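Colleague: Each chain, written out:
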Amino acid sequence: MTNVVITGLGATTPLGGDVPTTWENALAGKSGVRTLDNDWAETYGMAVNFAGQLMVRPDEVLSRPETKRMDPSAQMAIVATREAWADAGTPEVDPERLGAVVSSGIGGVWTLLSAWDTMKEKGAARVLPLTVPMLMPNSPTAYVSLEITARAGAHAPVSACASGAEAIGMAYEMIQSGRADVVVAGGTEAAIHPLPISSFAAMQALSKRNDDPAGASRPYDVTRDGFVLGEGAGVMVIESEEHAKARGARIYGRLLGMGMTADAHHIAAPDPQGAGQTRAMQFALDCAELTASDIVHVNGHATSTPVGDMIEARGIRSVLGSHADSVLLSATKSMTGHLLGGAGALESVFTVKALQDRKAPPTINVTEPDPELELDLVRDVPRDLPADGQLAAINNSFGFGGHNVALIFGTA
Amino acid sequence: MALNENEVLEGLAEIVAEETGLDAADVQNDKSFTDDLDIDSLSMMTIVTLAEEKFDVRIPDEDVKNLVTVGDAVQYITKAQA
Numbered sequence: 001m002t003n004v005v006i007t008g009l010g011a012t013t014p015l016g017g018d019v020p021t022t023w024e025n026a027l028a029g030k031s032g033v034r035t036l037d038n039d040w041a042e043t044y045g046m047a048v049n050f051a052g053q054l055m056v057r058p059d060e061v062l063s064r065p066e067t068k069r070m071d072p073s074a075q076m077a078i079v080a081t082r083e084a085w086a087d088a089g090t091p092e093v094d095p096e097r098l099g100a101v102v103s104s105g106i107g108g109v110w111t112l113l114s115a116w117d118t119m120k121e122k123g124a125a126r127v128l129p130l131t132v133p134m135l136m137p138n139s140p141t142a143y144v145s146l147e148i149t150a151r152a153g154a155h156a157p158v159s160a161c162a163s164g165a166e167a168i169g170m171a172y173e174m175i176q177s178g179r180a181d182v183v184v185a186g187g188t189e190a191a192i193h194p195l196p197i198s199s200f201a202a203m204q205a206l207s208k209r210n211d212d213p214a215g216a217s218r219p220y221d222v223t224r225d226g227f228v229l230g231e232g233a234g235v236m237v238i239e240s241e242e243h244a245k246a247r248g249a250r251i252y253g254r255l256l257g258m259g260m261t262a263d264a265h266h267i268a269a270p271d272p273q274g275a276g277q278t279r280a281m282q283f284a285l286d287c288a289e290l291t292a293s294d295i296v297h298v299n300g301h302a303t304s305t306p307v308g309d310m311i312e313a314r315g316i317r318s319v320l321g322s323h324a325d326s327v328l329l330s331a332t333k334s335m336t337g338h339l340l341g342g343a344g345a346l347e348s349v350f351t352v353k354a355l356q357d358r359k360a361p362p363t364i365n366v367t368e369p370d371p372e373l374e375l376d377l378v379r380d381v382p383r384d385l386p387a388d389g390q391l392a393a394i395n396n397s398f399g400f401g402g403h404n405v406a407l408i409f410g411t412a
Numbered sequence: 001m002a003l004n005e006n007e008v009l010e011g012l013a014e015i016v017a018e019e020t021g022l023d024a025a026d027v028q029n030d031k032s033f034t035d036d037l038d039i040d041s042l043s044m045m046t047i048v049t050l051a052e053e054k055f056d057v058r059i060p061d062e063d064v065k066n067l068v069t070v071g072d073a074v075q076y077i078t079k080a081q082a
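Quick note, the sequences are listed as chains A and B, same order. Under our numbering, think of the first position of the first sequence as 1, with each following residue one higher. Under our numbering, think of the first position of the second sequence as 1, with each following residue one higher.
Note that these hints are calculated values from the structure, not bench results. Because the structure is a prediction, the values reported are computed rather than measured. The reader is advised that the hints may include incorrect statements.
Unchecked claim - Pairs of lysine-lysine residues, derived as BS3-like cross-links and limited to a Cα-Cα distance of at most 30 Å, are as follows:
id	chain 1	residue 1	chain 2	residue 2
1	A	68	A	122
2	A	208	A	30
3	B	31	B	54
4	A	122	A	245
5	B	79	A	120
6	B	79	B	31
7	B	79	B	54
8	A	208	B	79
9	B	31	A	68
10	B	65	A	120
11	A	245	A	208
12	B	54	A	208
13	B	65	B	54
14	B	31	A	120
15	B	65	B	79
16	B	65	B	31
17	B	79	A	359
18	B	65	A	68
19	B	65	A	122
20	A	30	A	359
Stated by the list, open to error - Here are the simulated distance ranges between beta carbons:
id	chain 1	residue 1	chain 2	residue 2	range
21	A	63	B	5	43 to 51 Å
22	B	42	A	56	26 to 34 Å
23	A	45	B	23	22 to 30 Å
24	A	39	B	18	22 to 30 Å
25	B	25	A	124	33 to 41 Å
26	B	64	A	44	17 to 25 Å
27	A	63	B	62	26 to 34 Å
28	A	56	B	75	39 to 47 Å
29	B	42	A	120	53 to 61 Å
30	B	25	A	57	41 to 49 Å
31	A	264	B	23	51 to 59 Å
Heads up, the beta-carbon is just placed ideally off N, CA and C, and yes, glycines get one too.
Assemble the whole structure, with the sequences as input and the hints as a guide.
Modeller: Okay, here's the thing in structure tokens:
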């Protein structure tokens with residue numbers, strides 16, 4: 001076993017343009033969800049007119065040519081990567097020992113649909129030559145590999161809302177297998193466009209609380225009515241402990257283990273028994289050589305859907321057993337909305353920060369917890385994790401298609 | 001109304017500046033797209049597509065390889081408008 005550590009964090013989210021701002025606003029229990037500042041709902045008759053929109057648009061921090069060459073999903077990945085890489089001390093790494101694994105759940109949907117609009121309006125000759133490199137779902141990871149000159153491999157595992165977590169799991173495997181010493185890994189999503197919103201709404205997956213956007217994402221609340229679409233990226237620099245120590249890097253925390261499973265149950269609905277989810281959590285514990293009693297905190301996938309939240313909650317209970325009573329559960333999507341392919345990565349950043357600060361972030365908007373919830377939910381204000389000793393926490397991410405990923409992080 | 005060469009240069013420089021981040025003032029007739037302005041083939045095709053729209057001209061793919069300098073493109077576009 002190679003020890004794997006986290007040495008850099010980056011993010012751009014509905015709560016902030018970087019990790020410090022995002023984390024500060026998360027601890028303060030703020031919502032990044034607001035009404036769309038456009039006329040889409042009226043123009044297209046959309047049932048949902050709000051989302052978790054970025055606090056800082058990428059074009060405020062990137063150069064004009066960069067925003068013209070990259071889909072917004074890649075732009076967000078680059079913003080988060082630059083922060084994470086600088087945060088890690090801009091390490092000198094042999095390019096052949098440096099990897100990139102940055103996923104998107106949906107890919108360059110803005111580029112694809114805008115190009116189609118151009119073609120319909122102006123004809124095929126007006127379709128721009130950069131359309132393909134912008135829309136391909138591996139574009140963010142490819143741009144990240146260019147940004148940091150990563151040549152050990154550049155990957156983009158796609159598993160809907162588990163993509164960002166799967167990317168971090170794959171980075172762990174790259175280091176464990178000896179393919180790389182350092183991997184920049186995470187997820188990104190830029191799908192706040194009328195078509196994805198309407199498609200998710202057509203599935204009855206989205207909250208329709210148009211009159212109260214900031215209160216719409218309410219995981220585990222009895223009145224939850226669906227998830228809130230969010231956008232943004234989370235990225236972390238993941239490194240073998242040996243490499244990090246040799247260069248004197250600051251170590252945030254550890255990536256102790258991961259578990260991945262598939263439901264093979266339904267294309268969109270989770271297995272009602274949650275068997276795949278619980279197996280993922282158990283595999284992650286086994287991988288980390290930990291037991292349930294080592295876990296102090298869970299960042300739940302908890303998207304605020306009527307069915308999904310409780311399947312996960314029962315799964316956490318079954319894996320952690322009676323020890324679940326002393327585990328603090330947080331659902332940060334209550335504040336950020338659901339970043340789809342970015343979610344697992346951003347919530348990994350939150351989990352690492354929670355362990356570092358020994359503080360579990362709050363879940364907002366829960367006025368009446370679901371009576372079936374048999375877990376200690378952190379509500380409205382942060383709560384302290386144990387002050388002493390090594391701590392470990394689980395971050396769950398599940399995706400349409402039956403993809404289940406559980407990551408276990410530890411204190412430095 | 002057809003634009004003269006100076007006007008075409010001005011418009012083309014705006015497109016190049018937008019795509020590459022170069023200063024529009026550096027986009028002069030004697031500059032080579034590849035050697036001086038460091039424009040790769042995908043960016044060149046993007047500039048051509050945007051120029052076709054801006055100047056309402058058609059620049060066939062087989063002619064693009066002959067547009068070595070900014071001046072070549074300015075002359076081509078000026079003539080093509082006529």
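Colleague: Could you run down the list of hints and mark each one as holding or not?
Modeller: Outcome of the hint check:
no.: 1; hint: A:68 with A:122; in the structure: 19 Å, holds
no.: 2; hint: A:208 with A:30; in the structure: 20 Å, holds
no.: 3; hint: B:31 with B:54; in the structure: 21 Å, holds
no.: 4; hint: A:122 with A:245; in the structure: 56 Å, violated
no.: 5; hint: B:79 with A:120; in the structure: 29 Å, holds
no.: 6; hint: B:79 with B:31; in the structure: 20 Å, holds
no.: 7; hint: B:79 with B:54; in the structure: 15 Å, holds
no.: 8; hint: A:208 with B:79; in the structure: 57 Å, violated
no.: 9; hint: B:31 with A:68; in the structure: 23 Å, holds
no.: 10; hint: B:65 with A:120; in the structure: 28 Å, holds
no.: 11; hint: A:245 with A:208; in the structure: 49 Å, violated
no.: 12; hint: B:54 with A:208; in the structure: 42 Å, violated
no.: 13; hint: B:65 with B:54; in the structure: 20 Å, holds
no.: 14; hint: B:31 with A:120; in the structure: 35 Å, violated
no.: 15; hint: B:65 with B:79; in the structure: 17 Å, holds
no.: 16; hint: B:65 with B:31; in the structure: 15 Å, holds
no.: 17; hint: B:79 with A:359; in the structure: 69 Å, violated
no.: 18; hint: B:65 with A:68; in the structure: 23 Å, holds
no.: 19; hint: B:65 with A:122; in the structure: 24 Å, holds
no.: 20; hint: A:30 with A:359; in the structure: 16 Å, holds
no.: 21; hint: A:63 with B:5: 43 to 51 Å; in the structure: 30 Å, violated
no.: 22; hint: B:42 with A:56: 26 to 34 Å; in the structure: 28 Å, holds
no.: 23; hint: A:45 with B:23: 22 to 30 Å; in the structure: 46 Å, violated
no.: 24; hint: A:39 with B:18: 22 to 30 Å; in the structure: 27 Å, holds
no.: 25; hint: B:25 with A:124: 33 to 41 Å; in the structure: 34 Å, holds
no.: 26; hint: B:64 with A:44: 17 to 25 Å; in the structure: 38 Å, violated
no.: 27; hint: A:63 with B:62: 26 to 34 Å; in the structure: 33 Å, holds
no.: 28; hint: A:56 with B:75: 39 to 47 Å; in the structure: 44 Å, holds
no.: 29; hint: B:42 with A:120: 53 to 61 Å; in the structure: 23 Å, violated
no.: 30; hint: B:25 with A:57: 41 to 49 Å; in the structure: 28 Å, violated
no.: 31; hint: A:264 with B:23: 51 to 59 Å; in the structure: 57 Å, holds
Hint check: violations occur at hints 4, 8, 11, 12, 14, 17, 21, 23, 26, 29 and 30; the rest are consistent with the structure.
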